[in-house]
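2 protein chains.
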Amino acid sequence: MFKVTQADIEAAHERIRPFIHHTPVMSSQSINEMVGAELYFKCENFQKIGAFKARGGINAVLSLPEAERKNGVTTHSSGNHAQAIALAAKMAGIPAYIVMPETAPEVKKKAVAGYGANITLCEPTQQSREETCARIQEETGATFISPYNDYSVITGQATCAKELIDEQPELEIIIAPVGGGGLMAGTALSAHYYKPEMIVYAGEPEGAKDSYLSMQAGIITKVDKPLSIADGLLASMGDKNFEIIKALVKDIFLVNDKEIVEAMRIIWERMKIVIEPSCAVPFAAILKNKEVFQGKKVGVILTGGNVDLAKLPF
Amino acid sequence: MFKVTQADIEAAHERIRPFIHHTPVMSSQSINEMVGAELYFKCENFQKIGAFKARGGINAVLSLPEAERKNGVTTHSSGNHAQAIALAAKMAGIPAYIVMPETAPEVKKKAVAGYGANITLCEPTQQSREETCARIQEETGATFISPYNDYSVITGQATCAKELIDEQPELEIIIAPVGGGGLMAGTALSAHYYKPEMIVYAGEPEGAKDSYLSMQAGIITKVDKPLSIADGLLASMGDKNFEIIKALVKDIFLVNDKEIVEAMRIIWERMKIVIEPSCAVPFAAILKNKEVFQGKKVGVILTGGNVDLAKLPF
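Protein sequence lines correspond, in order, to chains A and B.
Counting in our numbering, the first sequence runs from 1 upward without gaps.
Counting in our numbering, the second sequence runs from 1 upward without gaps.
Check before you lean on any hint, since a few could be wrong.
Treat identical chains as interchangeable: a pair holds within one or across any two.
[Said to hold, decoys possible] Simulated crosslink set (DSS-like; lysine-lysine; CA at most 25 Å straight-line): (1) Lys258 <-> Lys110; (2) Lys258 <-> Lys311; (3) Lys288 <-> Lys258; (4) Lys90 <-> Lys70; (5) Lys225 <-> Lys3; (6) Lys311 <-> Lys246; (7) Lys90 <-> Lys3.
Treat the hints as calculated values from the structure; they're not laboratory data.
Based on the provided sequences and hints, a complete structural model is requested.
What follows is the structure, encoded as structure tokens:
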């Protein structure tokens, strides 16, 4: 039924396993008491490059045939996918051309440069990102790797929920954030194959609620100027992701920036781990909709920890 | 030779095991490259109450005979030992009377209150702490539990290095911060019993270098007005701790507040974990004295993660 099969996810996991961390699953008694549920946080903030995007990026680059990878790869990203592709290209010994919105956090630009990638800054709009990337493709012959609307990226991201379900097979619910939809689609696919009775939810920032609107309308619906402190979730849903998310995700919960920052603060204070605002969105959704999660075993994908310490929202 | 035996450490570990977390040991490739050594961080920031002090506090309270514990327990602490005793007393079902310097971080005062302990604020001097505690003992009949100068506290803290050596038996060096000396003495004892050839170092803030001066002089030497961002390390070395530290610790490295904040920032950014300034002192010492650690397998006790997010030094 879906273009990504269970065998694809397993092949991707074998392909990327030597290059990624098997991240830990953490729990917090005080957070469980606060919510009235058992939360199992899959800590992708401890992943290579500090975010789950290492999985999809590495899988995508390593899956490219020789002819397509020889002139290098290019992508656009506010940060984590950029680092993932830069790292994957470095591993593969090919050039990476990364388009980043000029508003991306300094810490992310620095990290991308640290992997030896070529950075081109653009305006912080979907259009400017795509145009800049297209120009680079023409000039260099590099292969474009979408941050999310790509089956090999989705398949790589799916390995995260696969590991979580392997470790906590009793989960009843799983929740992840949705931006472009790569992680969300991958999470939903792993739930579908490895624990079909599990309910799948998404969390999304109110200021970038294109996925929510798309689910309501049944067709992809864009938001004009997406804006949220969750800077990793501003991209618009891709059609490949939407097809999967529409079929497998039960509901999308919206949260505002204040709720995101409060959820982020609670995780920092209680769990002693550094997460970025985008990463706090599913937990913010849980705090806002406790009745949905009451008494349940809930898997939460913590997506990343790349924050600019000089610009914290506390 | 020492008042605390290997059997004491093992008994303490059994006693506290049901009440504490077996904390993870973490590594960071980028930090290892930065230092030129293999560092194994024992993450006591993930411990109950967010710090290693849970070990010593729980061991001390649970080791008290019935007659001594019935009127409750009292102590003075800038925060983490306070929480440890408050938690241990709650577990034992006895009252806790906690003396805290008025300058202690809000987050620590709130946490102590959260365990149902009675808090008395005092001036931020050793004298005021001790006098206030003595008055409370007289009024309530509570048993005083020293934050560090107590064999059952030292024995509890020793279980931390014991776990680290169990997990990483190849360690060649171990380093911890020194304030009052409870953790440092416990760490040195576990090294002595479980890996005698391992070299033991301490890190200490320059603004509170009483341990450094004491080691130089061969007798306990106080610092008049200790001051450092590492607020957990301002207490003066106890005589029980000094006896052990003098015999087993090879050297104490001093670091200033700027070096502590820089080390803290690197751990937050690279490891994505929240640590408090006191906790960054040993890593700051490693960064400052790289030649000592070059090519070695080094165990680093990360002591705690209780920071006030509203007052970060970045």
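For each hint, the structure was consulted:
Taking the shortest alpha-carbon separations for Lys258 and Lys110, only the inter-copy value of 22 Å comes in at or below 25 Å, while the best intra-copy value is 28 Å. Taking the closest pair of Cα atoms, Lys258 and Lys311 come within 25 Å of each other both inside a single copy (16 Å) and across two copies (19 Å). Taking the closest pair of Cα atoms, Lys288 and Lys258 come within 25 Å of each other only inside a single copy of the chain (12 Å); across copies the shortest separation is 40 Å, beyond that limit. In this assembly of identical chains, the alpha carbons of Lys90 and Lys70 lie at most 25 Å apart only when taken from the same copy (13 Å versus 64 Å across copies).
In the homo-oligomer, the alpha carbons of Lys225 and Lys3 never lie at most 25 Å apart, since the shortest distance is 31 Å inside one protomer and 68 Å across protomers. Taking the shortest Cα distances, Lys311 and Lys246 never come within 25 Å of each other, neither inside one copy (36 Å) nor across copies (43 Å). Taking the shortest alpha-carbon separations for Lys90 and Lys3, neither the intra-copy value of 29 Å nor the inter-copy value of 55 Å comes in at or below 25 Å.
Checked against the numbered hints listed earlier, the structure breaks hints 5, 6 and 7; every other hint is satisfied.
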